[in-house]
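Chemist: Protein chains in written order, with our numbering: chain A, 1 to 288; chain B, 1 to 428.
Quick caveat, the hints were computed from the structure, so don't treat them as lab data.
Treat the numbers as computed from the prediction; the structure is a model and nothing was measured.
Glycine residues also receive a C-beta, built at the ideal position from the N, C-alpha and C atoms.
Among the hints, a few may not be true.
[What the hints assert, rightly or not] Sample of chain B residues at the chain A side, in silico, Cβ under 8 Å:
1. F33
2. P84
3. T88
4. I160
5. D161
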Amino acid sequence: MDLTAERLLGSASRLSRDPETEIDWDAPVGDGYGMSPEWSTLYGTPYWDELSEEQQRELTRHESASTATTGIWFEMILQQLILRDIYDKPARSPEFQWALTEIADECRHSIMFAKATTRLVDPAYRPRLLARELGRMFKTVATGETAYAAILVAEEVLDVMQRDWMRDNRVEPLVRTVNHIHVVEESRHMVFAREETRERLAGAGRGRRWVSALVIAIAADMIVSSMVGREVYVNAGLDVDRAVREARQNEHHRSLLRTSCANLMDFLGSVGLLTPAASRVYRRTGLL
Amino acid sequence: MTFVISGDCCSDASCVAVCPMNSIHPAPGEPGFGTGASLFVDPRTCIDCGACADICPVDAAKPADRSAPADVERNAAYFADREPLEATDLDTWEPVSYQVWGGGPRRVLVVGAGPAGMYATRELLLRTTAEITVVDRSEHLGGLVRFGVAPDHPQTKQIIDTFERLVRHPRVHWRPRTDAAALRSGGGRGSDGRGLPDGYDAVVHAIGARRSRRLGIAGEDTACTAENFVAWYNGRPDAPPPPALVGPGAVVVGNGNVALDIARLLLSDEEQLRRTDLVPDVRRTLAASGIKKVVLLGRRGPDQAAYTEPALRELLAVAGDRVELRYQARPTAWTSAGLTLDSGEVIAAGNLFTAIGFEGRPVDGLPFDAERGIVPNVRGAVVGRPGHYVAGWIKRGARGGIGVNKACAQETVMTLVSSSRGAASPGS
Ligand SMILES: Cc1cc2nc3c(=O)[nH]c(=O)nc-3n(C[C@H](O)[C@H](O)[C@H](O)COP(=O)(O)OP(=O)(O)OC[C@H]3O[C@@H](n4cnc5c(N)ncnc54)[C@H](O)[C@@H]3O)c2cc1C
Ligand code: SF4
Ligand code: SF4
Chain A
1 MDLTAERLLG
11 SASRLSRDPE
21 TEIDWDAPVG
31 DGYGMSPEWS
41 TLYGTPYWDE
51 LSEEQQRELT
61 RHESASTATT
71 GIWFEMILQQ
81 LILRDIYDKP
91 ARSPEFQWAL
101 TEIADECRHS
111 IMFAKATTRL
121 VDPAYRPRLL
131 ARELGRMFKT
141 VATGETAYAA
151 ILVAEEVLDV
161 MQRDWMRDNR
171 VEPLVRTVNH
181 IHVVEESRHM
191 VFAREETRER
201 LAGAGRGRRW
211 VSALVIAIAA
221 DMIVSSMVGR
231 EVYVNAGLDV
241 DRAVREARQN
251 EHHRSLLRTS
261 CANLMDFLGS
271 VGLLTPAASR
281 VYRRTGLL
Chain B
1 MTFVISGDCC
11 SDASCVAVCP
21 MNSIHPAPGE
31 PGFGTGASLF
41 VDPRTCIDCG
51 ACADICPVDA
61 AKPADRSAPA
71 DVERNAAYFA
81 DREPLEATDL
91 DTWEPVSYQV
101 WGGGPRRVLV
111 VGAGPAGMYA
121 TRELLLRTTA
131 EITVVDRSEH
141 LGGLVRFGVA
151 PDHPQTKQII
161 DTFERLVRHP
171 RVHWRPRTDA
181 AALRSGGGRG
191 SDGRGLPDGY
201 DAVVHAIGAR
211 RSRRLGIAGE
221 DTACTAENFV
231 AWYNGRPDAP
241 PPPALVGPGA
251 VVVGNGNVAL
261 DIARLLLSDE
271 EQLRRTDLVP
281 DVRRTLAASG
291 IKKVVLLGRR
301 GPDQAAYTEP
311 ALRELLAVAG
321 DRVELRYQAR
331 PTAWTSAGLT
341 LDSGEVIAAG
351 NLFTAIGFEG
361 RPVDGLPFDA
371 ERGIVPNVRG
381 AVVGRPGHYV
391 AGWIKRGARG
401 GIGVNKACAQ
411 ETVMTLVSSS
421 RGAASPGS
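Work out the full structure: start from the sequences and follow the hints.
Modeler: In structure tokens, the structure reads:
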């Protein structure tokens with residue numbers, strides 16, 4: 001573990017990015033898409049085709065802001081999980097120092113996301129109450145592999161989307177930059193989360209693995225289903241019931257989600273966390 | 001420090017998708033992808049995050065301080081006369097492309113559980129909601145990864161673990177020991193008139209190209225083909241036993257990595273063989289062969305040789321001066337005295353191995369291009385047979401490593417999904 005942590009610290013010193021100085025926060029924001037349109041929850045549905053291009057663009061900006069807010073929510077959970085995990089670890093160890101570096105990264109990311117959403121759309125988003133309360137519980141009790149694998153789930157799903165958006169020149173330049181900053185630093189966090197998950201699971205019995213696998217799957221469900229909620233459609237001026245209904249049946253979106261989770265599922269499978277019960281949850285959520 | 005990719009890389013490009021700095025090339029779609037053996041890390045832009053190593057299914061990406069100096073060198077050399085791609089200039093990345101959902105097939109049959117079939121299955125799982133039946137005439141999945149890749153390359157074989165997880169997916173029905181012929185209804189003409197087996201909307205034929213090409217010289221029948229020898233040393237259950245191994249000299253005709261695999265195994269000593277996962281019988285036979293020297297024969301010059309540099313390096317490390325590389329040589333006859341070349345020279349040898357490539361076999365009910373040994377297709381769709389698709393070696397010919405079949409299968413599934421969609425879908 002310390003070896004990995006040491007490498008990651010080295011990597012961070014080689015390239016860390018500071019959104020405060022790297023992004024010109026006073027520059028005017030254009031009217032580009034908030035995300036690649038193909039990533040919209042409505043893309044590919046009849047409703048999407050009825051929208052004007054301007055409405056489509058507006059919708060993606062709200063979806064993007066809402067997704068980023070989910071990112072902030074989860075990054076807060078994550079910071080607490082890590083802080084609790086390393087609470088009594090020796091401060092001189094690379095693992096400890098890396099953990100604090102990661103917390104610092106996440107902290108900067110959350111501020112960056114918060115600012116970017118302000119520039120992108122007027123309304124502020126928040127995950128729904130149930131998710132917030134479950135998150136509150138999770139961050140207080142989760143430990144070991146459950147904590148780290150849940151971190152991994154959240155980051156991986158976001159990561160794949162953001163890689164698409166950052167390369168897409170239809171997307172608003174501010175969003176592209178913000179996403180690339182996140183992708184770079186997140187790649188180190190995911191390496192760390194995988195390593196921790198593997199390490200914590202070594203020697204775990206079948207019972208514990210079964211429970212952990214299920215908890216992680218439920219956390220994944222909560223994260224993914226929190227990304228875009230009803231208010232997004234309200235604020236984008238859409239027929240909410242119809243939007244929710246068509247989004248729920250949107251196989252194109254489910255297919256993108258499955259693709260973005262493919263590496264994650266490979267990993268979970270390789271460490272024995274794809275138990276039948278967990279797989280059922282992932283299938284329902286549309287990740288498997 | 002930086003990360004580097006070793007010669008064990010099978011080019012499945014998993015690392016390309018996770019590298020946050022766009023440091024790994026050639027990526028699929030870039031010139032050079034699928035022709036060389038491996039990918040490379042640009043040391044000028046790599047930030048050591050380790051994401052590539054984390055994702056690599058065969059442990060080919062490693063930190064430089066844990067890699068062979070020659071690998072570090074190779075990675076750096078690849079970029080020597082290329083401009084570094086500035087990852088923060090996001091327009092230097094490959095642009096995104098999407099495949100839009102449009103109904104997709106309900107049931108798909110995948111024939112062949114080698115890399116092409118398994119990557120196609122994976123892609124179908126991601127891109128469609130279809131139920132997928134995977135059949136293979138073998139009892140095991142993996143195709144040539146299990147029964148081709150040399151047993152002293154256990155890392156390369158690790159990709160089989162990934163394939164095995166795929167057939168456990170609830171939407172996949174895995175039927176080993178099933179020949180495609182058994183599924184064909186009405187002699188290749190199903191009730192739908194398209195020759196599809198009953199109940200399937202599409203078939204992906206990923207049956208590979210197993211048969212060795214022939215030299216076409218007198219006496220060849222007593223030589224050993226790569227097909228048979230490789231199957232034997234990998235313990236394929238139905239592999240014919242090789243002819244008696246007679247020392248001290250042997251000739252391997254061929255200049256690709258398979259020829260090098262054979263030469264390397266023939267010249268490995270007992271100690272080296274013990275470190276492989278050879279079945280005991282094969283190991284004993286190889287150790288007792290008495291073969292001390294191998295001549296490797298190439299038809300053209302060293303510049304045109306098909307082997308990769310890491311493979312050559314590995315052979316030389318094992319064999320030293322017990323292997324002789326001969327180029328511009330054309331064999332004309334094989335007798336118990338040895339191999340006669342067109343120059344009249346006779347190379348004395350007790351065994352001849354032929355490894356000059358593989359070719360596909362015609363598939364019942366599908367057209368066949370005998371010249372290229374493939375089923376003629378357009379981006380994976382079999383010409384003139386709606387509903388039939390090909391992937392892997394039977395689609396492209398017997399070229400390219402394991403991972404190249406991933407991009408190949410992705411292309412096929414993309415074609416399959418878009419043609420099952422019809423013209424009237426949104427967004428396309
Ligand atoms: C000796 C050798 C060594 C190699 N070593 C390497 C290496 O080290 N690294 C690397 O990257 N690449 C290596 N390769 C290349 C790699 O193996 C191929 O790129 C890859 O296997 C091709 O995949 P495929 O799925 O098209 O065919 P295959 O791997 O041949 O798979 C075809 C599958 O179809 C099944 N099948 C065939 N006919 C039928 C039928 N009628 N019904 C049912 N099932 C059927 C077969 O049983 C088989 O499982 C090697 C190749 C060879 C020949
Ligand atoms: S095997 Fe795949 S993941 Fe590993 S280095 Fe090669 S291309 Fe990258
Ligand atoms: S270590 Fe990170 S930056 Fe370097 S090649 Fe691997 S993934 Fe890319």
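Chemist: All the hints need checking, so say for each whether the structure fits it.
Modeler: To see whether the hints hold, each was checked on the structure:
Residue-level restraint check for B/F33 is violated (minimum Cβ-Cβ distance to chain A is 18 Å; threshold 8 Å). A least Cβ separation of about 14 Å between B/P84 and chain A goes past the 8 Å threshold, and the interface hint is therefore violated. Checking B/T88 against chain A: minimum C-beta separation of about 7 Å stays under 8 Å; hint holds. Here the hint on B/I160 is broken, as its CB sits about 12 Å from the closest CB of chain A, past 8 Å.
Given hint, B/D161 at the interface with chain A, holds; its Cβ is 7 Å from that chain's nearest Cβ, closer than 8 Å.
Going down the numbered hints, you'll see the structure goes against 1, 2 and 4, while the others check out.
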